[in-house]
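Student: Given the coordinates of chain S, work out where chain V with the ligands should sit on it, guided by the hints.
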Amino acid sequence: MSDGTGSALYASEVSKTVDGPDGRLTILDRVSLAVERGDSLAIVGASGSGKTTLLGLLAGLDRPSSGTIALAGERLDALDEEARARLRRSRVGFVFQSFHLLPALNAEENVMLPLELDGRDDARERAADALARVGLGARRHHYPAQLSGGEQQRVALARAFVHGPDILFADEPTGNLDQRTGAGIGDLLFALNREHATTLVLVTHDATLAARCARSLRLREGRIEASAAAGEGETIGKADGGMSEATRRESQA
Amino acid sequence: MRPLAFAARSLRREFRHAELATLAMALVLAVAAMAAVATLAARVERALVASAAELIGGDLALGSPRALPTGLAEEAQRRGLAINHLAQFPSVLFANERSQLCEVRASDAAFPLRGALSVRGADGVERDAHAPPPGSIYADHAALVALGVAVGANVQLGGRELAVAGEIAKAPDSGNPFRIAPRVLMNLGDAEAGGLLGAGSRAGHRLLLAGDSDAIAAFAAWAKPNLPAGARITTVQDAQQNLRNAFERGEGFLRLAALLAALLSGVAIALGAQRFARRKSEEVALLRCLGARRGEILAALLLELALLAVPACLAGLALGLGLQQLVFELASGLLPGAPPELPWGPPLAALLVGVAVLFGFALPPLLRLRDVEPLRVFRHDLVARVRRFDVLYLLPVAVGALLVLVGAGSARLAGTLGIGFAAVALATLVLGLALLWCVRRVSTRLRGALRFGLANLPRRRALTLLQTGALALSLTALAVLGVIGPSLLERWRADLPPDTPNWFAINLQPEQEASLRERLQAMDASNVNLLPLASGKLVAINGHAPVAAEKGDRRAGDFIEGEVRASWSDTLPEANRLVQGRWFDAATRRPAISVEQVWVELFDLKLGDTLTLRFGDREIAAEVTSIRKVEWDSFRANFFLMLDPATGAELPHSMVASFHLAGDGAAPLAALSRDFPNLSLIDLNAVLDRIRDIIGRVTSAASWVLGFSLVAGMLVLLAALAATADERRFEAALLRTLGAHGRQLAIAVLAEFVALGLLAGGIAVAAAAALGNALAAGVFKLEGYTPPLGQLALLVAAAAALVAFAGWAGTRRIARTSPMAVLRRA
Ligand SMILES: Nc1ncnc2c1ncn2[C@@H]1O[C@H](COP(=O)(O)OP(=O)(O)O)[C@@H](O)[C@H]1O
Ligand SMILES: [Mg+2]
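Here the protein sequences line up with chains S and V, keeping their order.
Residue 16 in UniProt numbering sits at position 16 of the first sequence; the count goes up by one each step and never skips.
Residue 557 in UniProt numbering sits at position 557 of the second sequence; the count goes up by one each step and never skips.
Bound conformation, chain S alone (with noise of 0.2 Å):
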């Protein structure tokens, strides 16, 4: 595992350091870890520990200030902007805490955006089935103003998940939603995750979502304080027996 390409993302004494206005601020502090295909890995913490910056330098989003990183067997270091945005529209997808659905496209083409930035064809028709997969079959050439949270963050769900991506990443999911709301995405993206068996990083504050995690890692100022493999047991149990009772609920609305 020292180069990391037998895993699905790894991370080697991964910092990030910014200038900011009072001098120079170190946000992650040597970082490691990995995450084998199809595991999935909870990143928890206090607010402002460094979890949205570790999760944007995992994706290739930004660049570390030291340290490696390797994506589905790529060291992210030896690629330019270019070729990790080309990584990322094969292989990542990603769901945001505020959805971002581009607000001019409807559910639909929202969907097909990563389908139409890779010149797929068939894009209409994929991102209709996505769309009836995650329950808003009906509600396809609707705006993202005229869609509840919950439901835009469904929209959201199918667009990361259209094209078969190898890992999804996820930040704060479910934080901008009602609890029941939330536990009904945490159920959708966990159902979908498998049965696409996609690798999966979640950035939660919600312990009962990261317990349904294989592991979890747990940062405290940019450090990791903690890593464990989390309570399999009841949660995954649950969200074997499919959507619950506030998905099904939703996706009747």
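Check the hints yourself; a few may be wrong.
Claimed, not checked - Selected chain V positions facing chain S (Cβ under 7 Å, derived; list incomplete):
(1) P458
(2) R459
(3) E731
(4) L734
(5) L738
(6) G739
(7) A740
(8) H741
(9) P819
(10) M820
As the list claims (entries may be wrong) - Simulated DEER-style distance windows between Cβ atoms:
(11) V:L446 <-> S:R63: 31 to 41 Å
(12) V:A425 <-> S:D29: 53 to 63 Å
(13) V:L348 <-> S:R24: 51 to 61 Å
(14) S:Q179 <-> V:A797: 57 to 67 Å
(15) S:A207 <-> V:L433: 50 to 60 Å
(16) V:V430 <-> S:S90: 37 to 47 Å
(17) S:V18 <-> V:V430: 46 to 56 Å
In case anyone wonders, no lab produced these hints; they're calculated from the structure.
Glycine residues also receive a C-beta, built at the ideal position from the N, C-alpha and C atoms.
Tutor: Chain V with the ligands in isolation, oriented as in the chain S frame:
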């Protein structure tokens, strides 16, 4: 919350953002353009009135072919006006056994009431003077040369011996260049005593008045119904029509430039305000959440805008006043005695326009901020639903329309621009929808980034149409400022080509025609034109004594009372165009006459009417067989009346020649007048130079303002476009996160902008060309103008390329920054 303090703090913090800077810059530009042009127009108007008064020698003139009743002068004096009696007549002066026909003015000592008479004495020194004392005259250089006398010598006039007391260097003058005979000024008492003004003389009488403008206006109103038959009133507004026309045309150009600048600013302000409002909505939600009331928030927003507006308007005002000073200096040489003080009305009006533009264009998006839900703070998905239509959007349209109406200063300019811009908006809507339809068809067959970029257009239909509209309007405005304006000015300058006739020769005998032609050819004269001239009197129209038409002006009286001149020619002379009827040919029933349009208006003539004219002892009743339009500013010998050649040939007549002679031509012309002693030469160079000078200065002043508006408009357009490109930046960041590579983004954005640019550019070229034609024909009265389509296309292509580049550059920045922005943005 204290709205004012809050607004001030917000403004300080937010000025860093481009949209407020755009807003401020656009405002500076709008106020500067309006202030410069309105102030300039007001100053030129004042200067024109002042210099016109100088030219007619008073603030008001009453003229009559007979002596004016004394009651008029008494009433004027009773009203506290200064008066001056004048008589004017042609008379022959004798000295040294020579004689010369001169235009004589006889005046009491009050002359001149306005302007200056300056006379050169025997010592060669120029002094300001009044009319000469009894027993003496002042004569101009031409008269002295013709008579071969110097100051101090005696001449005979009206049977009396009079001393030449000085040479006229400069005199207030009604300035008809075509009646230039040598001039003489004598004492009114001498003229009366010598019987020069008695019955049967050809003297015209004038009463000149001066005083404050209210008293003058009151007197004019009183005098009008009390005038004896044949008398007429000349106001300063009537005088100097030449100069006034040139300035009015120039003013039209300036107003056009200012209006377009203000409209461009409006577009920029609208775009800036929209962006400002969008960014502000989060803050407003937070404030609402923290307990601020809607009214307070609105007050704070408006105050912030006002705080921005005050310094921007003042800066615009300073810039505008500086600019108008510059232009005024350029033109002031044309307006001797122009009052130097600045009128304060127009700058104030410009400030008002600035405020109207700011609030008119910025208010709609800001007012919507009132409706932001406080809940938005917690739920970002709570975006206010987009209402399809809002009356608020009519506000900028109304303000724009009002601006055109008020700023144009003429209904024609306002109408032309209004219709032009409405047509652009309509064309955008129709062609834009057609383009979207086509794109939707075509894009399914395209692949990759191109398809993605084009597909963006129909997806954001309303936005696409709005942007195309704004772009098309701005490009049209730029094309009018950058191409149409300068080419119209160029066309105006060409009104007086270099070989415009600058000499007239009159009194030539018909048998001298061939030898004169030869001589002129030997002198290298060009543009030679020789026509016969017969002087006569208008006796009757359709058998009745002639009366002026209702809408005919004072010239009708001149023709009824005075002399009329007619000419004839086998072919229609140059600079003449037939409007109705046919030119004379073998089939014409004689005698026949062709009249100029002005006469048609003065006497309500139509084809088939009969004009009875007396030439010497012959009376001719000629039928009107055609109506002509003459280009009077062609400086050729032109005539209101042209007889059929056969009839004309039988009349006693002389010949007139007009020709162009390069250089001053002193030597050959001196030889010419020696060999043709009966010939009188009239020098038009001074008049031509003056008109060329006017056109030159007015057009260069107009080019300055056009250029200023063009540059400023360009800057504003770029800033506005940077703003819309910036809107796409987040979208680009998200696409980047999802894995789009830089080239894909660039192609997508370029495809979108090129499609937009082509459509808007095409509309702008067509609209600018149409506006150019309409402006030339309807507003500036320039005939034979063709808009330079090549230049138009070039300018618009350059502007569209600039637009595409700006859009691309705005999105390109994201390719270089980290896509982390997406994770960080709430
Ligand atoms: N560009 C930056 N400049 C300065 N500080 C930053 C920057 N990005 C992140 N930080 C700081 O790094 C810390 C970690 O931020 P973040 O990764 O967003 O935390 P989390 O997602 O765990 O809440 C915070 O204190 C944040 O203020
Ligand atoms: Mg975070």
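Student: List in ascending order the numbers of the hints, as given earlier, that are violated by the structure.
Tutor: Hint check: 1 fails alone, others pass.
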